[in-house]
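There are 2 protein chains.
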Amino acid sequence: MSYFDAASAAPLHPVARQALLASLDEGWADPARLYREGRRARMLLDAAREAAAEAVGCRPDELVFTSSGTRAVHTGIAGALAGRRRVGRHLIVSAVEHSSVLHSAEAFEAEGGAVTRVPVVRTGAVTVESYGDALRSDTALACLQSANHEVGTEQPVAAVAELCREAGVPLLVDAAQSLGWGPVAGPWSVLAASAHKWGGPSGVGVLAVRKGVRFAVRGPVDERESGRAAGFENIPAIVAAAASLRAVRAEAAAEAVRLRELTARIRERVAAVVPDVEVVGDPRRRLPGIVTFSCLYVDGEALLHELDREGFSVSSGSSCTSSTLTPSHVLKAMGVLSEGNVRVSLPAGVAGEDVERFLAVLPGAVAGVREKLGAPVAVAAAGVRGDALVVDALGKRCPIPVIELAKVIGEVPVGGTVRVLSDDEAARLDIPAWCEMREQEYVGEEPADRGSAYVVRRLS
Amino acid sequence: MSYFDAASAAPLHPVARQALLASLDEGWADPARLYREGRRARMLLDAAREAAAEAVGCRPDELVFTSSGTRAVHTGIAGALAGRRRVGRHLIVSAVEHSSVLHSAEAFEAEGGAVTRVPVVRTGAVTVESYGDALRSDTALACLQSANHEVGTEQPVAAVAELCREAGVPLLVDAAQSLGWGPVAGPWSVLAASAHKWGGPSGVGVLAVRKGVRFAVRGPVDERESGRAAGFENIPAIVAAAASLRAVRAEAAAEAVRLRELTARIRERVAAVVPDVEVVGDPRRRLPGIVTFSCLYVDGEALLHELDREGFSVSSGSSCTSSTLTPSHVLKAMGVLSEGNVRVSLPAGVAGEDVERFLAVLPGAVAGVREKLGAPVAVAAAGVRGDALVVDALGKRCPIPVIELAKVIGEVPVGGTVRVLSDDEAARLDIPAWCEMREQEYVGEEPADRGSAYVVRRLS
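Protein chains in written order, with the working numbering: chain B, -13 to 446; chain X, -13 to 446.
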């Protein structure tokens, strides 16, 4: 098996494993107690905090360990918003943040707060200008990820942090995807991260709040971790998290170069060997190990199954995967194709041959899925009205509407239009994306009796 | 070293250790993913949930794993209160709940909710009658621990659950101290527990919410664990928690008998060999492994240090320990002496000889602390007003005010009074408790220029 989903969770680093085992016997007691076992647990916890703070680039007393990265984000956002409640009730996030940030923003809106979602350009990055435009006198907090979890694009965090500092607004950085590679640059105020992204164990998040940042913890009081992370400290896991962060950092420079070459090769080869594919994300300003692409006329879930059978574990932000039918909010915000989406995120230490084998297998897997989808049933061209053709794809799920569109576009004259009737939410994203890839004109969306009509004009 | 603080955290059970190691390699991936590693993680998680649900006595889909027992309590209380918001804004807790429950109650009060704190009798238990009296038509939730964490007294949970069911009020049971010994009886609605109390790893709590209980999770949305425990699941720890729960349950019946004998012996011997001691908690309706006593004229923290030097790790609910100067709310609610308090909580598997050695060491340790405290400095008997004596213990911390009282009580005639001036919060509890132990009359507390004057009448 080749596990290519490190952006979701990395396998346990050998150093983490060692540290966890060693501290199971030393770190189980209550570090608040004064007896020997408690003092020993406290020493382990303090040492882990020192190590983590050094890697983050903050003071040990600015850093607490939470039970997950999600919890660090939830607490960080809620605490900073509550701490600056008197300044105002405005929150800024980018449109491509992790769901833990976006769900925090929704919770804040439900309580009456105002949220600005800064859009991204097609690479997935915000521009410093548009982020700056969102800053207001009543802005309590701004949030920006260090790098995107779905496409790997790095955000201009240092420049945005500088802008925020000038405006007197604290910036919370979700550094989940990047902290293993290096510290976050710029004058950030709050930072959140997750150990299992860098090969640490599950159950450990990091929350750093710079001194001087107003911060008010909400919910029931709890004395542990400076009152910022309720519940008994999971010291063996914390020790393992800190040890593995130090270990991956020591390997980061060399491994980044190697993974960057591998992902550059994937970017290049996928575009060359898979027809009708869009490789997304910034080709240069990106994380070393992540590459994402979308395949026209492909059901993402079917492709994942196909790749799984071939021994490759990847994930997808496609609209057709998993329990949810909503296309990835990241791909949507970028305005790129979401259908047949695949995210490859290489774990540190991955073998180059495994990547080669993936590239060898991928074109056949994509072709196989396309073949199965190639003969959609009972899609009737409802008739030609002059030079306009109507395709009824109601009740058909992605990628069928786009496949049907592609089949009939040649039947209308250049300048003529195709109206695709669809009630699949993904069509709203995928039909414009197809037009851009195929250099046809996307005219727009019109209401229809059921679903919507997506109108496309043939240009060539 | 003899570790006698299992009620705080138990050392890792060998079965937990084995299960943790085994699942580090199998359970690190995201269980929401469809590829092999994800499916494997999901299977481990599902199996752990089945095992834990069986031990709790609920359906697997009623149980989620949280990141700690504290988190389970916080989420359980907030969720049940929010789910029954329309019924009313009244919460019932016992006065001797764990701080996670009491802090949740305070947070609820801060939001405008009303809280009734049901008092306990001198053994530390609520009576079913007084609990029933607290039920109101607008009661949204009632909380009762299965057994007390400081003194081991079992609460009449089954009877209270029955009352609550009749009243249509859900009962949340904090079963942290008892779940390793057996399931909670009676028709409870919500149950919270913590794995590291039964020898599981840190970082795992259990929250069970019966079907039909109205429950609304607060805070940002998160899909994991039925939306009730945000953040990536810590599957290796969860597997270890479930495996060790099953293991300790298999040993529970025999081990309970053995520990009960050991603690009965401590109860009896401590009362016999330590002068001026009060053994607290219910002598029969109690957890097998916990015994708590308080020693007059002893500084709890000094005694803990003395015992630690002799190789015994125990904890204290005394006012003189740790970072806080407030006496334990549990001892306070029971109306028993808090000074020189020691909680012995035996871990499963403890050796009988260690207990004997503890009993051999304890009298000398208590005597040593008393000797050191025996000559308090600069406490001036400010003068006799008729048959009234005033002791100025301002600025002196527990147990000095009580020691001074004991020294001078013989100097006033029977029927005369001693006024102890003290600004130590603990005096408010310890002086009445001393009077009860010494059969003197506690007249009451009067305001003074600094602190309070505690008036005691000599009866014998």
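Some hints here could point you the wrong way.
Okay, the calculated bits of chain X under chain B, using three or more residues with CB under 8 Å as the criterion [to be verified]: (1) -6 to 2; (2) 53 to 61; (3) 176 to 187; (4) 237 to 251; (5) 261 to 267; (6) 274 to 281.
One-sided and incomplete, this derived list gives chain B residues near chain X with beta-carbon spacing under 8 Å [as the list claims (entries may be wrong)]: (7) Glu23; (8) Thr109; (9) Thr113; (10) Ser116; (11) Gly198; (12) Arg200; (13) Ala202; (14) Cys421.
Worth flagging that the hints you see were computed from the coordinates, not collected in a lab.
Quantities reported herein were computed from a predicted structural model and do not represent experimental measurements.
C-beta atoms are modelled at their ideal positions from N, C-alpha and C, and glycine is treated no differently.
Hint-by-hint comparison with the structure:
With a cut-off of 8 Å between beta carbons, the region -6 to 2 of chain X has 5 residues touching chain B; three or more are needed, and the interface restraint holds. Counting residues of the region 53 to 61 of chain X whose beta carbon lies closer than 8 Å to any beta carbon of chain B gives 6, which reaches the threshold of three, so the coverage claim holds. Against chain B, the region 176 to 187 of chain X contributes 3 residues with a C-beta closer than 8 Å to a partner C-beta. That satisfies the three-residue criterion, and the hint holds. Only residues whose beta carbon comes within less than 8 Å of a beta carbon in chain B count, and the region 237 to 251 of chain X has 0; fewer than three means the coverage is violated.
Remark: the region 261 to 267 of chain X is not confirmed as covered by chain B, as 0 of its residues place a Cβ nearer than 8 Å to a Cβ of that chain, below the required three. Check result for the region 274 to 281 of chain X against chain B: violated, 0 residues qualifying (beta carbon to beta carbon below 8 Å, three or more required). At its closest, the beta carbon of B/Glu23 sits 6 Å from a beta carbon of chain X; the interface hint therefore holds under the 8 Å criterion. Hint on B/Thr109 is violated. Least Cβ distance to chain X is approximately 26 Å, over the 8 Å limit.
The interface hint given for B/Thr113 is broken, as the beta carbon of that residue sits about 27 Å from the closest beta carbon of chain X, more than 8 Å. Here the hint on B/Ser116 is broken, as its CB sits about 25 Å from the closest CB of chain X, past 8 Å. The closest approach between the C-beta of B/Gly198 and any C-beta of chain X is roughly 24 Å, which is over the 8 Å cut-off, so the hint fails. A hinted interface residue such as B/Arg200 counts as satisfied when its beta carbon comes closer than 8 Å to some beta carbon of chain X; here the least separation is about 19 Å, so the hint is violated.
Given the 8 Å rule on beta carbons, the hint for B/Ala202 is violated: about 12 Å separates it from the nearest Cβ of chain X. The criterion of a C-beta within 8 Å of any C-beta in chain X is not met by B/Cys421, whose closest approach is roughly 30 Å, and the hint is violated.
Going through the hint list in order, the structure does not satisfy hints 4, 5, 6, 8, 9, 10, 11, 12, 13 and 14.
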